[in-house]
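We have chain V already, so just place chains X and S on it with the hints.
So you can see what is in the structure, the chains are spelled out below.
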Amino acid sequence: MPVKSELMNTKAQSGSTEDSHPPHFRLDGRGIALLRGQKQICAGLDFSVSSGEILVLRGPNGSGKSSLLRAIAGFLPLTAGQISCNNKPFDAQRLETPADSLRCLWYAQADGLAETLTSLENLSLLPKTAPKTNIEAQLSLHDPFSIAGFLHQPVRSLSTGQRQRVALTRQCFASSALYLWLLDEPNSGLDSAGHKAFEAMLATHQDAGGLSVLASHHLLDSRLTPRYLDLSDEM
Amino acid sequence: MMIGNFTLCLQREALLGRGVIGDHLGQVAFFVMIAALFPLAVGPSPDLLRQLGPSVIWISALLSALPVFDRLFAEDDRQGWLEQVSLMQGGLTGYVGARLISWYLLSVLPLLGITPVLVLLYDLPLSSLKVLLPSLAIGTACLNLLGAISASLTLGARRATLLLALLLLPLSLPVLIFGVAITQSYLAGFSFAGQAKLLGAVFLFLLAVSPVATIAALRSVLEDK
Amino acid sequence: MTGLFDSLANPTRFRTVSAVIRPFCFWAAAIFFIFGLYLALLASPPDYQQGDAVRIMYVHVPAAWLGLSSYLGLGLCALFYVVWRHPLANIAARAIAPIGAGFTALTLITGSLWGYPIWGTWWVWDARLTSMLVLLFFFIGYIALETGFERPERGARMASILALVGVLNLPIVKFSVDWWNTLHQPASILRSGGMAIDVSMLWPLFTMFAGFQLFFIWVVLHRMHWMLSERRRVAGKARAKAM
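Chains as they are written, first to last, in the working numbering: chain V, 5 to 239; chain X, -3 to 221; chain S, 5 to 247.
One should not assume that every hint holds.
25 Å max Cα-Cα, derived SDA-like pairs, lysine to any residue [as the list claims (entries may be wrong)]: (1) X:K221 <-> X:E71; (2) X:K221 <-> S:L137; (3) X:K126 <-> X:L45; (4) V:K43 <-> S:V238; (5) X:K221 <-> V:G66; (6) V:K43 <-> S:T16.
Simulated from the structure, these hints should not be mistaken for laboratory data.
Isolated chain V (complex conformation) (with noise of 0.2 Å):
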């Protein structure tokens, strides 16, 4: 059974009245073409997610996953077609986000770790996460995916396996309703341990009211009530 967390939900986060009317969001793509250089990669997609749903995208290799992800990140611009946040127009890019509108939360295998940091360091430099001391006893209390033990090592003598926990802890700091998760192949790589504490993690931040979009070879446990895309038919 997915354990749910409730030290890692960032409720404070918000500052608003969360706990009585959390935020309602609903991402909308129509039509959305994407250009990789001079490959389509996809025309005329559609997708929804909406707050506590759970989107996995699925296809072979490069049929479009990442871009997609991309360009719902706003990295990718779109070559057709319009992504929306309840039905005004969606930029993740954004310099100024309002209190109380949608944020996005990136995880790839480039996962932004500084290298010649300390897990605990990388972990401190989440946007308005506690100082260190702060994470180091919330990990005492609840430590997902196990980086105790190698909380003070710089990330470059990690193997890629514990690279890719303390990656995916850092997730964990950012459950709530505010947050859109864009994850690619966050669970490429997991052994059987890791995958309970992803899909655990995953359940606690839809519980939460967020949402996520991701990319993956994986099924999910059907708990989660994930819907599927498949990428391979849009083409």
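Below, chains X and S alone, put in the same frame as chain V:
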């Protein structure tokens, strides 16, 4: 003023600074070595060296900065930090601002520290330091702003270091011309106020243009990954 | 205005329009050149100071103007590409760059040839020649950046940003070179712009000017046409392979 992630990025720069100080010390060593080449090539005649002094110091400052600029954004790009920071409040602006400030402090302070040694090597009066040091400080700031543009444009290019130098040198001519002129005017006994104002104007111009171009180039990098 | 550019953005329409303009440019350029060369070499008077060497001016000055204006044209194409991602803008920029660089190099060579009989040296660091040299570096930097990436689109985008930065910096660089020149060499040397140009010299100058300009347009359109054909050929091959 973009608060957003600016403090966070500064924090990160502070944490990372320990590791990169070696690069900047190497830059300073290179600075001294280039300046030492000239007398070996043109002969040790004191009059000639005194004439060349300000120019050599400025050229050495310019050339020694070139080999390390490609390290400005490369690590963060490779590690995926650009993606992370662009999604935060403040986006790439806070990141570029923090990066440039930390790079500037790490590069200019050792440079200014070693300049008195070069002044002695070229038998220039020590009083010229009161003009040379501030002008080098502003000049280095200008070069860093130009370096940010060049580094972000050449991220991931084949032969990036060479390309960076090719782009940076023509753009840095005004900085070189006005910067050297300040010290030369001072040594000749003329007023250097006009030259100083020109250098200041170039700095303000680059302060406006460089972040815009750098951020545009970094967004372009994100598009391709 | 944007409607006009949108309609030209269509490569096929561009090809039909340019197919009409190109021959016109070629023949007009040829006429202007023949007439201009006649005026320049035969019909115009030699300079009282410089003698016949002044005739180089009829190539040097238009070439200088074309070098500079082609860089500005490059900047304009870059603007269209960066802001509107206009597909032909990049093709135009890639077509212009080596031609502009060539004209700038021609300016330097003719400047050198002009200077030698007058001053006895092959190069003088006067303001105009030095500025043109720096402009050549700007062009070389652009071309190097454009071709310096594995992915051509990346090169196109980065080079466009560089061109915009370059256009903004160019007045400053020009100003600093002029300033430097007055500081170190008060006696101006190749004052081709400053010297009083007699009316009899203006006609050959303008004629050569027009000839060069039309030739430039012809070459650029020709190159764009060739690039578009290449792209279609490569795309066709890729499609054939996929099938």
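Hints and how they fare:
1. A threshold of 25 Å between alpha carbons decides the hint, and for K221 (chain X) with E71 (chain X) the separation of about 15 Å falls inside it, so the pair holds.
2. Between K221 (chain X) and L137 (chain S), the direct Cα distance comes to roughly 36 Å. Violation of the 25 Å bound is thereby established for this hinted pair.
3. For a cut-off of 25 Å, the pair hint linking K126 (chain X) to L45 (chain X) stands: about 20 Å separates their Cα positions.
4. At roughly 13 Å between alpha-carbon atoms, K43 (chain V) and V238 (chain S) fall within 25 Å of each other, so this suggested pair holds.
5. Proximity of K221 (chain X) to G66 (chain V) is assessed by CA-CA distance (about 13 Å); at most 25 Å being required, the pair is judged to hold.
6. A C-alpha spacing of about 20 Å is found between K43 (chain V) and T16 (chain S), which places the hinted pair at or below 25 Å, so the restraint holds.
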